[in-house]
Amino acid sequence: MVRTAEAPAASAPVEGRPSVLRRVWWSDHLAGWAFISPTVVLIGLFGLVPVVWAFVLSFQQNDLISPGKWVGLANYKKLLHDPLFANSVRNTIVYTAVFVPVSVIGALLVAAALNRRVRGITFYRLAVFIPVVTSTVATATMFSWLLDPDFGLVNAALSKVGIASQGFFRDPHEALMSIVLMTVWGWLGFGVIIYLAALQSVPADLLEAAAIDGCSRWRAFWRVEVPLLAPATLFLVIWLTINALQLFDEIFVTTKGGPVGATTVVVYYLYQQAFQYFNGGYASAIAYVLFLAILVVTVVQLTAGRRLSHAER
Amino acid sequence: MAHPALVPPVLVDPLPEYEDSVGPRRRRPSAWHLLLLPLSLVMLTPLAWMVVTAVSTVQESRQFPPRLPSSIQWSNFVAVWTTAPFGRWLINTAVVSAIVVASNLVFCSLAGYAFARLRFRGSGLAFMLLLATLMVPFQVVLIPTLLIVKSFGLIDHLGALIVPNLVTAFGVFMMRQFFLALPPELEEAGRMDGASRAGVFLKIVTPLMGPALATLAILTFLSIWNDFLWPLVAIQSPENMTMQLGLSTFQGSHLTDWPLLMAATLMSQLPVILLFLAGQRMFVRSIASSGIK
Amino acid sequence: MAPNPRRTIALAAGVVLALSVGACSSGGSSGPAQSGGVVQITFAHGYTDVEARAITAQVATWNATHPKIQVKLLFNGGNDGALQKTMAGLATGTYPDIAYEYGSSMAALAGHQQVVDLTNKVNNPSFNWNDFYPFERAAASVNNRVYGVPALVDNLALVYNKKLFDAAHLAYPTATWSWADFRSAAKALTNQSAKQYGWAYVADGSEDTTWRWLAMLWQAGGDLLSPDGKKSAFNSPAGLQATQLLHDMAVTDKSVYLDQGNGNYLNLFNSGKIAMMWTGPWDLSSINSNVNYGTQILPAANGIHSSIAGPDNWVLFNNGSAREQAAWTFLTWLTSAQTHSAFTLATGDLPTRASETRLGVYTTYLVKYPGDAVFVLNLGNVVKARPNTKTYPQVSQAIGSQMQGVLIGQTSPQAALSTAAQQADAALASGP
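Residue numbers (this note's numbering), protein chains in the order written: chain A, 652 to 964; chain B, 19 to 311; chain Y, 39 to 470.
The set of hints was computed from the structure by calculation and includes no laboratory data.
Some clues are possibly wrong.
[Said to hold, decoys possible] Label pairs and their computed distance ranges (CB to CB):
hint: 1; chain 1: A; residue 1: A748; chain 2: Y; residue 2: I342; range: 47 to 55 Å
hint: 2; chain 1: Y; residue 1: V289; chain 2: A; residue 2: L943; range: 39 to 47 Å
hint: 3; chain 1: A; residue 1: W721; chain 2: Y; residue 2: V421; range: 38 to 46 Å
hint: 4; chain 1: B; residue 1: S48; chain 2: A; residue 2: R874; range: 19 to 27 Å
hint: 5; chain 1: A; residue 1: L946; chain 2: Y; residue 2: Q151; range: 48 to 56 Å
Please read these numbers as outputs of a predicted model, since none were measured by experiment.
Heads up, the beta-carbon is just placed ideally off N, CA and C, and yes, glycines get one too.
This is chain A alone, in the form it adopts within the complex (with noise of 0.2 Å):
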């Protein structure tokens, strides 16, 4: 159960009179459920109900348009001894591990950049924003120009630096860091406009008191504006991951899985299954895994997250 560390302190009353308590509890009680009925209502039937859906779908053989025929666990059988499936769970940790961090990281330095009345931080900020709005086949056109190995610019500008040209998505070994790079490119703005509305939530006096301590500006940003983001940081981790690991329009519109399986993650080996091979029941057992998979690390970052917030109080 997922327990707010607030909650106790803005719902207690200050002396112990039960009949408060109880009041407070009841009215507490219908008010939540008021305020989450209409999403409840809304996420459960649009949201959860085609998710289990799906998840009687994996126990079938099934094409997706004919009623199935039911096998049981046996599509989960086949994903264990699957050589392509590892391959794509391989790809999917690995990009995952260096997309998160490097964007949440990203998101947060730019954001604090961009945090402050400059003259023209208007266009900065919308320049940061502006590849979140670009679709992804236009980014995906873009960086494979960017990108060729031959006539792009990149390596030109490389070569004039004396570094050899690099094969980027062309080449096995960084065909992924090189989604890595578009990825992050294109969800930096993501993140900053996160990070730049939860930092109008800090303090300012905090950070005048830090000064007048003495504290360096480089000091005050990393030990009271970044802590008491941590909201913001937890929401941006989650919903990065969450992404990350169902990684797939932009491996679609480049690389297409490929050279030779280098970017195939999981929810392109998934597409295949469905949509190329027609094995319906399979690409829902596959998705069901990686559902575990996403479930798991989610719940390991909520609980992570509040007992760092315990801490520090």
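Here the structure of chain A is known, so what remains is to put chains B and Y in place on it, guided by the hints.
For chains B and Y alone, kept in the frame of chain A given last:
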């Protein structure tokens, strides 16, 4: 004691530079430009390419490495409106986005606040179930979701794009985190003064949620505006097409009119950019940051 | 009391399950869309640009002259997404009457109750089914039943930049070119310092990679699968010969530009950076007017100038007998020699019926699209077709992926063939 919320929000200056806390502030260009300008140029490179392509002729766009056009073809921007029902796509997408954004602002705030601040039985489970819906790839739940939407008779209507998105788990999660970051003392003060839960929410908390609501609006709008796969399978008729679906009519599997597509894409991004510009003005410190005096 | 979330979910699940049973058993948006004796049919396609304008005009002509059958045009999101949309439509019972489908989708669509078996319809003498080229008819059939009518036909031929050949003092490709001629020309046309390449190959590991290699396999006299279709047959001397050529040109000679699947090879061709490409008629209209190009049939390994085609089909769906009948009437008209040759004149697409080449309009067509002459001739070189089985995509993926490895110099030709054959056999064994 005056309620902090009744005092109008004051723009608090961002942190003074270290040097300035010692002496009077001098007017000089900030050193931050040295960092922000190169960063911005890097981020804007694809946009620059899109603009260059949009004002080129088709033949010029079919060359590599790309070259600057010999003359500017503004006609591409006009052609988008005359050769395709661009206006129709714009209206459809705007309607869907506006309704979805408004509904999310309301429902996600309510739910996010409840998960952040209220203690009630089942809240933990409900929150995890909500998050769980984010953990299954859309390709897998595509067809079940389509069947549910069909049972409501919404296939080939804009309602198919609106109803499933009236609340998003993403929005609820994000708002919960923002609420958690608010100092609880403000709400305690309100409760001391005898306000109900709803009153505290409306009178004290909501005015502080400017940046969060702006962020939610921008990101929700963006996700609806850029959505392709769901409209692809839920919409049949051309008159109900939304923006991304419409843009795909410029992109053939072999033949793509790149200048036309880029002109259309650029124009399609304007509403999101305008919303961002409006919303980012909220990214200034609010009364919460000045603490309780 | 507080609402129980589990109960709400269970209720919703029950409702949905009940509805799903209903949806699966209905057979689609049934019943004729009829009002006052007029039948409305829906017609989905992924055409853009010139082709879109041509089809729109043809449908408008039909609607004006056939008041009893009105056709509504729908856009399917682009042909690359067509199958996904079709499958979603079939699963939910909302699909058009006629849809454009890739040839590679036929195996997935065949046999479903919503897809109409056209065998009896096309065998009606007035339809003249044999007028379509043999490989087209094969590509529209699955297990000897016909499920589509050819909508588009193409093939791979050699397109070259005359100016680059002149600059290198080389004779243009001839109809008797061998692989050795092709390889040495590519090498002579490659210039590292000027970043010029003799040949371009699409190396994204997809069917685009595989089907070019298949043409080479057939030129070397090999076969993809065993006659019964249950085992792979390409790990053979012919297969090795084809793969070796790729290796020799891409890795040894370094005369091949490896396109990543984004179509950049065409832009480079337009900029004079690539001398030769193996491509289809669809690329001709994207060649800039300042590029002087020529076309020729593909080179041969042992005198066999095999090519490969990727025909696409119109598929008919079951929305009730009245609409099916109306849709078939319209489709017969659309795919008739008369109507289709008008379409080719407007778009530069190739004729699908052999009789189109005997119509008067064909001469005008050749004058307007001189590059197409070789492609039409080349239709006679397409002797073999890709198998229309559900497992072909996995075979294709295995080959495409390994050929990628060969092209970038990571895998040796024999190792690539062995791995691909192993993966293909596993896929063939698991499915129908």
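Do the hints match the structure? See the list:
Separation of A748 of chain A from I342 of chain Y is about 51 Å and conforms to the stated range, judged on CB atoms against 47 to 55 Å. A hinted range of 39 to 47 Å for the beta carbons of V289 of chain Y and L943 of chain A is consistent with their spacing of about 43 Å. For W721 of chain A and V421 of chain Y, the Cβ-Cβ distance of about 44 Å falls inside the hinted range of 38 to 46 Å, so the restraint holds. Evaluation of the 19 to 27 Å hint for S48 of chain B and R874 of chain A yields a pass: the beta carbon distance comes to about 24 Å.
About 38 Å separates the C-beta atoms of L946 of chain A and Q151 of chain Y, a value inconsistent with the hinted range of 48 to 56 Å.
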